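Protein chains: 2
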Amino acid sequence: MEERTEISDLGEFGLIDYLTRNIEIQNASTVLGVGDDAAVIDHFGKQTVISTDMLVEGIHFDLMYTPLKHLGYKSVVVNLSDIYAMNATPTQITMSVAFSNKVSLEALNEFYEGVYAACEKYGVDLIGGDTSNSQKGFIISVTAIGEITPDQFVRRSTAQKGDLLCVTGDLGAAFLGLTLLEREKKIFLESPGVTPDLEDQTYIIGRQLKPEARKDIIDFLQEQEIIPTAMMDVSDGLSSEILHIAKQSNLGVVLYEEKIPIAQESKEAALKFGIDPTACALSGGEDYELLFTMKQQDYDKIVLNEQISVIGYMADITEGAHIHTKGGNKFKLVAQGWNAFNQEA
Amino acid sequence: MEERTEISDLGEFGLIDYLTRNIEIQNASTVLGVGDDAAVIDHFGKQTVISTDMLVEGIHFDLMYTPLKHLGYKSVVVNLSDIYAMNATPTQITMSVAFSNKVSLEALNEFYEGVYAACEKYGVDLIGGDTSNSQKGFIISVTAIGEITPDQFVRRSTAQKGDLLCVTGDLGAAFLGLTLLEREKKIFLESPGVTPDLEDQTYIIGRQLKPEARKDIIDFLQEQEIIPTAMMDVSDGLSSEILHIAKQSNLGVVLYEEKIPIAQESKEAALKFGIDPTACALSGGEDYELLFTMKQQDYDKIVLNEQISVIGYMADITEGAHIHTKGGNKFKLVAQGWNAFNQEA
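Chain order of the listed sequences is G and L.
The numbering of the first sequence is numbering that gives the first Met the number 0, which starts it at 0 and goes up by one.
The numbering of the second sequence is numbering that gives the first Met the number 0, which starts it at 0 and goes up by one.
Be aware that one or more of the hints could be misleading.
If several chains are the same, the list does not tell them apart, and a pair holds so long as it fits within one copy or across any two.
[Stated by the list, open to error] 25 Å max Cα-Cα, derived PhoX-like pairs, lysine-lysine:
{"hint": "1", "residue 1": "LYS135", "residue 2": "LYS329"}
{"hint": "2", "residue 1": "LYS266", "residue 2": "LYS331"}
{"hint": "3", "residue 1": "LYS246", "residue 2": "LYS185"}
{"hint": "4", "residue 1": "LYS45", "residue 2": "LYS329"}
{"hint": "5", "residue 1": "LYS184", "residue 2": "LYS135"}
{"hint": "6", "residue 1": "LYS258", "residue 2": "LYS325"}
{"hint": "7", "residue 1": "LYS135", "residue 2": "LYS185"}
{"hint": "8", "residue 1": "LYS209", "residue 2": "LYS45"}
{"hint": "9", "residue 1": "LYS209", "residue 2": "LYS294"}
{"hint": "10", "residue 1": "LYS294", "residue 2": "LYS184"}
{"hint": "11", "residue 1": "LYS331", "residue 2": "LYS246"}
{"hint": "12", "residue 1": "LYS325", "residue 2": "LYS160"}
{"hint": "13", "residue 1": "LYS135", "residue 2": "LYS258"}
{"hint": "14", "residue 1": "LYS271", "residue 2": "LYS185"}
{"hint": "15", "residue 1": "LYS101", "residue 2": "LYS135"}
{"hint": "16", "residue 1": "LYS120", "residue 2": "LYS135"}
{"hint": "17", "residue 1": "LYS246", "residue 2": "LYS258"}
{"hint": "18", "residue 1": "LYS294", "residue 2": "LYS101"}
To be clear, the hints were calculated from the coordinates, so they are not data collected in a lab.
Quantities reported herein were computed from a predicted structural model and do not represent experimental measurements.
Based on the sequences and whatever the hints tell you, model everything.
Below, the structure is given as structure tokens:
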């Protein structure tokens with residue numbers, strides 16, 4: 000029988016002590032971590048960048064096919080992605096969780112293993128949080144803190160006409176992974192005897208369950224001394240994000256379908272599901288890639304980086320926002336990004 | 000009929016725009032607020048203090064008797080209390096909420112009115128957050144950020160033997176307010192026709208529904224140039240907090256029952272309910288007063304402040320932790336503080 004320890008046996012303070020017992024501070028800026036009314040950080044003449052996200056069971060994740068360790072990892076990573084999208088370096092997080100009495104200490108431990116794995120990989124310190132009961136479901140709230148040289152942060156609203164529009168990695172895979180997992184869940188619920196065959200789908204499933212934040216790209220841009228003119232992360236689908244940058248920068252935009260990076264595994268999965276791969280990239284969400292604009296003269300510095308694709312350019316606002324399709328058509332770009340409020344729970 | 004606007008009509012971004020439309024930045028340290036991947040703060044050579052709390056419907060609050068505006072206010076205040084308890088000044092908060100489809104825009108608006116009222120009163124900027132659906136119930140996660148002159152923050156673990164043990168305001172009223180509200184709820188559920196008479200109970204109800212953080216005390220201590228040797232806020236009941244300071248400072252403690260400040264209204268309410276007022280103060284929780292220790296030579300500076308009571312002193316660890324009762328007895332001090340994990344939901 001699997002081990003099961005009731006969380007109520009520890010009490011809240013015992014639980015916090017238990018969950019934070021192995022923390023080792025990684026950042027000099029972390030003056031005081033977990034264990035007091037608040038944590039203290041000292042950014043030594045840098046600016047502090049803050050971002051926060053809430054993840055709710057049944058809305059943002061399904062514990063039927065999400066391993067808790069991956070969930071812990073992803074909860075951290077999606078917040079770090081926001082910090083990188085400011086061109087900043089994440090340094091600390093706080094993590095609050097609420098969970099029902101159904102959750103055992105072993106389960107919570109698995110979740111925190113993922114949290115600590117992400118903290119270690121990205122060099123951030125867990126400096127605080129809260130644990131509490133919920134009436135139903137697992138709820139996660141993460142706040143990420145980062146640092147940046149004063150006024151080097153990159154907003155969404157500062158793209159310039161003529162700037163190149165770039166995106167990192169590839170798009171649509173996380174959505175296809177989710178589609179596959181949802182399909183297999185449905186099959187399993189209808190015929191519990193059938194074992195799902197996910198063997199050759201590890202890429203798209205991995206992109207859904209264990210995304211990474213593009214620290215490597217921020218490092219690369221710094222090495223190349225490129226400061227993007229605008230940047231954000233791709234969490235809600237490419238088209239929605241492009242329209243955010245265009246609208247907030249008061250510009251038009253031209254996007255080329257053929258330039259949108261899509262992995263071979265994603266194309267094959269899309270084909271199987273009978274979905275257009277481009278639609279997955281435009282509207283799928285949860286890719287956690289970086290979308291940024293930069294001056295044309297920086298093009299030579301990025302051209303050899305296979306992780307960066309130039310997918311279009313920023314135009315005058317009078318030109319609107321359009322996508323040029325592979326078939327030679329020109330369509331108005333519309334946001335069909337993931338919207339938590341329209342989602343079926 | 001009451002107006003009701005569905006939140007799904009706005010979409011997530013529309014909702015965030017709507018809820019944050021009136022924000023005016025109050026702190027020079029707020030370089031960039033709501034609307035990008037992250038906010039940016041610049042503390043100009045100060046240290047940054049961070050605290051976070053999660054509040055869950057049915058666990059931490061009951062919407063049957065909690066007005067949403069008060070809930071918004073309290074959600075902010077309980078976090079600011081943690082920042083003050085570090086001897087720091089709160090400057091920014093992030094606010095994440097998850098709510099079911101039952102919640103209308105008007106209801107959410109009321110909640111945010113309370114949030115903004117607290118922000119204005121305490122001079123903090125709302126710089127970010129997240130809004131999302133929940134499967135059930137209203138969930139609130141707040142992170143508060145504050146600033147302090149480097150290394151002037153006050154921990155729980157630094158009390159010294161012989162220090163005076165002090166507490167602000169009065170204790171137990173919030174618990175008595177909760178007891179009253181729960182009793183009236185029960186009566187109402189059993190006999191819906193009976194209108195509750197809460198008229199002469201405004202003090203204890205107010206302490207429960209709309210607590211304040213002790214900014215005034217932090218200001219006073221700074222004016223008097225007193226730096227407490229240890230400090231925390233009283234959220235879980237006095238005895239639990241005293242034991243935190245004693246344990247973390249590796250000290251014993253002597254507490255005098257007769258010195259524990261309890262309001263006349265609380266004494267009367269306790270009498271009505273047949274509860275010992277001292278038990279309410281020791282174990283009640285949610286008072287959000289400040290508990291601190293200070294050097295004996297600072298006594299003259301606080302003696303005239305009616306908002307500060309000296310309730311005991313820190314002793315050698317070999318003396319243990321004891322309370323001297325009014326009746327002349329000496330009992331071991333035990334933590335019976337509020338514990339979210341043992342609470343009946």
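Going through the hints against the structure:
no.	hint	result
1	LYS135 / LYS329	neither (47 Å within a copy, 44 Å between copies)
2	LYS266 / LYS331	within (24 Å within a copy, 69 Å between copies)
3	LYS246 / LYS185	neither (39 Å within a copy, 52 Å between copies)
4	LYS45 / LYS329	neither (45 Å within a copy, 53 Å between copies)
5	LYS184 / LYS135	both (21 Å within a copy, 22 Å between copies)
6	LYS258 / LYS325	within (9 Å within a copy, 80 Å between copies)
7	LYS135 / LYS185	both (22 Å within a copy, 23 Å between copies)
8	LYS209 / LYS45	neither (31 Å within a copy, 37 Å between copies)
9	LYS209 / LYS294	neither (32 Å within a copy, 52 Å between copies)
10	LYS294 / LYS184	neither (46 Å within a copy, 63 Å between copies)
11	LYS331 / LYS246	within (14 Å within a copy, 65 Å between copies)
12	LYS325 / LYS160	within (24 Å within a copy, 77 Å between copies)
13	LYS135 / LYS258	neither (44 Å within a copy, 42 Å between copies)
14	LYS271 / LYS185	within (17 Å within a copy, 57 Å between copies)
15	LYS101 / LYS135	both (9 Å within a copy, 16 Å between copies)
16	LYS120 / LYS135	neither (31 Å within a copy, 34 Å between copies)
17	LYS246 / LYS258	within (22 Å within a copy, 62 Å between copies)
18	LYS294 / LYS101	neither (53 Å within a copy, 47 Å between copies)
Checked against the numbered hints given earlier, this structure breaks hints 1, 3, 4, 8, 9, 10, 13, 16, 18; the rest are met.
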